[in-house]
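Q: Sequence:
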Amino acid sequence: QVQLVESGGGLVHPGGSLTISCTASTSFFKIYTMAWFRQAPGRQREVVATISDNGPITTYVDAVKGRFAISTDNAKNTMYLQMNSLQPEDTAIYYCNTQSKRFNWGQGTQVTVSS
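Just so you know, our numbering puts 104 at position 104 of the sequence shown, and the rest follows in order with no gaps.
Be a bit skeptical, because a hint or two may be false.
Derived pair list, reagent style DSS-like, types lysine-lysine, alpha-carbon separation capped at 27 Å [claimed, not checked]:
id, residue 1, residue 2
1, K76, K101
2, K65, K76
3, K65, K30
4, K30, K76
5, K30, K101
6, K65, K101
For each label pair, taking beta carbons as the anchor points, the in silico distance ranges come out as [unchecked claim]:
id, residue 1, residue 2, range
7, S114, G55, 30 to 40 Å
8, S114, S27, 14 to 24 Å
9, R43, T19, 19 to 29 Å
10, S100, N77, 17 to 27 Å
Since the hints were made in silico from the structure, they are not lab data.
In this text the structure is predicted, and so the values were computed from the model without any measurement.
Yeah, the Cβ is synthetic: ideal placement off N, Cα and C, and Gly gets one too.
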């Protein structure tokens, strides 16, 4: 069974930057469109960004366009989410998975934006 491990979260001040990572136990980034999701307290999990298995082609939810950047390093089986100009509303647990949510969820990584 594929395992996804998210890391790199933390506490950051508004306007700050953070890069989080997702490492997979096997190589499949070239097969599936991958995605970062986030879940804020009391809210449903939502997709934040996707990266296709060809191109690659990236997409972003309007709330993060121009601030976040998704990328992959296939040699390291790792996906990244670079987050700039962070705002309190970005506070959430961030998860990775395929866009179709094919695999079991990892534990996520907590990102807290607060002064």
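Q: Go through the numbered hints given earlier and state which of them the structure violates, listing their numbers in rising order.
A: Structure breaks hint 8 only.
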